Amino acid sequence: MALIITTITLLVVIALALIRAFAGPTVFDRILAGNLIGTKVVLIIAVMGFLFGRPDFLDVALTYALINFISVIGVLRFVEITRRSREEDKS
Amino acid sequence: MILDLFNYWVVIALMMIGFFIVIARGNLVKKIIGLNIFQTSVFIFYISAGKVNGGTAPIVVEGAKLYSNPLPHVLILTAIVVGIATTALALSLVIRIKANYGSVEESVILKQDKL
Amino acid sequence: MISHLPILQVIIPLLGAPACLLLNRPNLAWLFSILVSVLTLITSIALLMQVQAQGTISYMLGGWEAPWGIEYRIDFINAFVLVIVSALGAITLIAAKDGISKEIAEPKQPLFYVSFLLCLAGLLGITATGDAFNIFVFLEISSLATYTLIAMGDDRRALWSSYQYLIVGTIGATFILIGIGLMYMMTGTLNIHDLAERLPAVTASNAVLASYAFILVGVALKLALFPLHFWLPNAYTYAPNIVTVFLAGTATKVAIYLLIRFNFDVYEISAPQFKYMINMVFITLGIMAVIIASWTAIYQTNIKRMLAYSSVAQIGYMILGFGLDSVSGLQASLLHLFNHALMKGGLFIALTAVALKLGKVELDDLNGLAKKMPWTFAAFVIGGLSLIGVPLTVGFVSKWYLVVAAAEQQQWYIIGFVLLGSLLAVIYIWRVVEAAWFKPPKELQNAAGNVTATTSREAPVLILIPLWILILANIYFGIDTRFPVSISQQAAQLLFGGA
Amino acid sequence: MELIVSIISGVCLLAGSFLVLSGVIGVIRFPDFYTRIHAAGVTETLAASLILIGLMLIAGWGIVLLKLILILLLVLFTSPTASHALGKAAWKSGLKPTNLKQRNEDRN
Amino acid sequence: MLFSIYGLISASFFMSMDAVDVAFTEAAVGAGVSPLLMLATLASVGRYQKKPTDPEIPKVALLLVIITGILLIIGTLDMPAFGAADAPAHQHVAPRYIKESPEEIGIPNMVTSVLASYRAYDTLGEVVVIFTAGIGVLSLLNFRRRRRNIHLIDDIIAIDEHKILRIVSKILIPPILIFGLYVQFHGDFGPGGGFQAGVIFAAAIILYVLFFGVKYAHQVVNQTFVRVFSAIGVLLYGSVGVVSLLNGKNFLDYHVLAENPTTAQHIGILVIELGVGITVACVMILIFFSFIENIEKVIQELRK
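Chains as they are written, first to last, in our numbering: chain X, 1 to 91; chain Y, 1001 to 1115; chain S, 2001 to 2499; chain U, 3001 to 3108; chain Z, 4001 to 4304.
Mixed in with the good hints, there may be bad ones.
[Said to hold, decoys possible] Going by beta-carbon spacing under 8 angstroms, a handful of chain U positions derived as facing chain Z: (1) Phe3030; (2) Pro3031; (3) Thr3081; (4) His3084.
Think of the hints as simulated: they come from the structure by calculation, not from any bench. Values in this document were obtained by computation on a predicted structure and should not be read as measured data. Don't be surprised by glycine CBs; every beta carbon is placed ideally from N, CA and C.
Chain X on its own, in the form it takes in the complex (with noise of 0.2 angstroms):
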């Protein structure tokens, strides 16, 4: 029961975001979102996993962390290196 109620639970905050996402209004809160969700799935997995009597899948669940974070970190360094570029560009 538990289980499920976070399920739901997840999924709303899920939806929630997806808010934030849209409105941005900076880059910086669409990443933050993103990242936000990003983590949310990662608990959905592994709670779906749980419910479905598979906990096998949490091999995906661990990958999808991983990813997370690597895809966060990855796109704030591309931001961080578009600005410089441009920063130079206007000097």
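Based on the hints, put chains Y, S, U and Z in the right spot on chain X.
Frame of chain X, contents of chains Y, S, U and Z only:
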């Protein structure tokens, strides 16, 4: 009866959004994003077709009788790889186009070369 | 090893490509890829002979029987297409060394050969396979390689053309994927032969019709069928010349093969109520392609572009043959497929030679060039005559069969349009011939800009040899028509009788 | 004993859900980026830990538990790091926190 | 960024549809690789200027899209209901995979058995597609000889030093690599396999590049290395097939590799998955390096 197909219709809606972005947007990068959405929706379409009610993931476990259809999964694995390959190639083309034309807007490029 | 011919056909270039990358020296890569392509050609000829001797060959990959594993299924029609594709691949590669020397920088040349082999392997794979999803995979191999090859052109417009082709091609491939998915849902199989057997059971369903429509549109995009042809002239014009030779000879041919396969094999009986309508659509589109594309070709000043539009027109003839929906109509289409590969290959190689000398192929620059490059332009004239459809060339043979097929059904207006198309071809070919042979050379411009054009005369031997191979084949098969005619007849009968 | 474990796990899961929810409400409602990152970053780590611990309690001994611990470790490592990087990047890009006092005065 | 979220969500959708392996891949690709590539492109292309689009095209496009959509919906009308177990798709070919693959192939993950054995040839095609894309990117972006040991991007990376991130990634990268190996070799039993492993491996390298610079990364994996190994992966895959050919069996028939059929299948799948993993990892790294190098080129031009 109608609700049985609801899942497919959502996929179709998504597919058409992607398709629309591809043909209507002038920005080359956005076109590629549209193409990606288009492709992903086709993937979802396949995967939906592979789902069996009450079935579980096609990895053998004790006690499970009904599995979802593994074949669409295999096909889509291949298709995802194909998709990312296309995306990578398309993006590098865009980079070269930008380097040569100074723009990634379709209209600007067409104006420059009268293609 | 004989029983493994079907897979060797595809696997030789497929694995040759990464091996070629490891060589990484332009000349070495060239020699190696010629070796690979010649082996491929030999395999395809052996395969054709095998098919003639034993009938349809089926090869189970991985040793898993058909609907579960992937099957290679070679019958007359794809054996025939395999020969065309691999022959053109080998011939084009001979000319490639000189052909790309100016257009592609040396460090990139090995990559050119790798992509070329991959493209060849992809096209052969599409043709040989008997599995619907496998078609999609190999379609993407060949397409990605093609985009790469086109983008190697030295004009920046090549990039844009490649991008345009990429978008169109991917949409086409995705459409095909949707079609395959719908078919799979209705039948539960991916094997083409199995599909053809299982589809009649679900004939009346909308899903099957929708899948038919999607595959048709997807293939038509790849095929550059008339209203969807907009990407082709750009792609052909700005691609490196050698690539244009190869693409014009093979890529659309393989797409036509796919259309034949799906139209006559898979969906043969599944949509009888729509058969008439679809035939009408084919005939109308075919005629429009012939007339409108030929008309546009007349106004082009860039000869490559002109020939590209002419290709669209020639595809129209082939589609026309489909629409007649009879053994002789299909036979005419198949014949034209073979012949068009010969003549367009020859014409584009001739243009490669010209471009190597002049750097471009605008009509005005050709004035008087024939006196400097007599061999090249003699070849061009013969190729052009073949394109028009003058007797004693292959072009005549296929048009003759097309006319006969139309006469069989008493569709006289088709004959009229075929003749009109030929007349238009006379006009655009004549413009080139006139400029090259009868106009005085433009000495002023040459003296100012281009020294090499006056000092070195004829094109390199390595380009002339493949050029004349193709041109002589044009004449040979125009006189001795037994080989293509018998094969195409057997193939057409197989499709109509065996379905 | 089993009952107690499952009750504890249920409590953990529910508490985690509550935290997640409160976090996202913060992300939606808070006025500027820095307050939002505060809402998200702070709740996230604890919430994820709670949910994962809840799952661990159900899982019992075995490879599943090990994997859950790995995920937990990973989350504990990456989540604060990501928040930190995000905040730092935003700060360096010149994004300034909204001055609430100022804004309230403006409104009045 | 929205794109990455889209990737994540569609991946979780796959998850709920029981497609674990697909979810795995989509997670790696949709949420990881393609957004990174998109951003790398934006970094060198620059943010687009807002422009009013041509008002004419959307109308035609809209019409086209609506027609296609209606066609598809009509097509779906008489399709078997979603999730129905008696749909033809679940009746014909798939039952054999489900019933017999555990005995015939001897591994529990049916997706892997179908992918790597029944339809192994498709997978070879898939590897070649990736390889082709690698070649394409290489020929498009690496058109000039690189200047040795000058890495402008490293300067930029050094400006924002991120000490904390550096340390965290230093701690994380080795476990990521090990996890990649786990995914590679665990594909027989759970979700995973060569492709996913390759992407994870490449992701670790990318993480390294982003924080320690191209220069150091090149010391470990330089261009030539990556190039050669992307070809070797394909050849490794192909060689399994050639071995079966030489032993008189059909291409990619693993039964020649060992006496016991399931052992043979195991060996075959292991080797080809390794081939897939090598090629995918190398091509991903190759593509990423090419993109990074291009950003450098853009910066250099700006400096002039």
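Check: Hint by hint, which ones does this structure get wrong, listed from lowest number up?
Finding: 1, 2
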